[in-house]
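Construct the entire structure; sequences and hints are all you get.
If you count the sequence shown from 1, position 143 lands on 143 in the UniProt record's numbering, and the numbers rise without skipping.
The following label-pair restraints were derived from C-beta to C-beta distances:
id: 1; residue 1: 41; residue 2: 86; range: 36 to 42 Å
id: 2; residue 1: 121; residue 2: 33; range: 28 to 34 Å
id: 3; residue 1: 88; residue 2: 132; range: 28 to 34 Å
Everything labelled a hint here was simulated from the structure, so no lab data went into it. For each residue, glycine too, the CB sits at the ideal point set by N, CA and C.
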Amino acid sequence: MKPLPSAPLFTAGAVPTGDGEAVLRTALMLRSLAQAGTESPFLRGKHLALVSASVPSSSQDRVETAARRLGARVARLSALAVQGEGARAQDTGRMLGLLYDALDCEDLPAAVLLRLREDCGVPVYEGLGRMDHPVALLLPCLAGATDPAGSAPEDNHCFLLQALLVRTLL
Numbered sequence: 001m002k003p004l005p006s007a008p009l010f011t012a013g014a015v016p017t018g019d020g021e022a023v024l025r026t027a028l029m030l031r032s033l034a035q036a037g038t039e040s041p042f043l044r045g046k047h048l049a050l051v052s053a054s055v056p057s058s059s060q061d062r063v064e065t066a067a068r069r070l071g072a073r074v075a076r077l078s079a080l081a082v083q084g085e086g087a088r089a090q091d092t093g094r095m096l097g098l099l100y101d102a103l104d105c106e107d108l109p110a111a112v113l114l115r116l117r118e119d120c121g122v123p124v125y126e127g128l129g130r131m132d133h134p135v136a137l138l139l140p141c142l143a144g145a146t147d148p149a150g151s152a153p154e155d156n157h158c159f160l161l162q163a164l165l166v167r168t169l170l
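Structure representation (structure tokens):
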């Protein structure tokens, strides 16, 4: 498992950092494969859990679509399933880390996210599919890249989500 990029994806001047450029290169490769009609099961055998305190959201729908297109299995969990205290919370985190290769959480308290990151041992994303997530800020860079097929913005967002998943799970 590669760690999540700890550095920001952009410099203060809004220029992609090394991590941001790596995500963009991966997204461009995934877009080219998709446009060529090549199946890309890079995440086959990987399991992703989407954890939310509210009803399923469109942002987690985007993450689910991106992951499934690369062959991942996706489960939806209620936030109640991951909350607890003390040793029980640690056990839950460890169990989630054994069952899943990554978690994407939305609308969870910061303390719960921190505990999950400490106990799971797998990447724990926060709102990966949201339009205010740092990966979505790379959309103008990807849209500006050569794209003979003229991909729709939602497709480019999907490629960016896939790129981050590939870079952190493989």
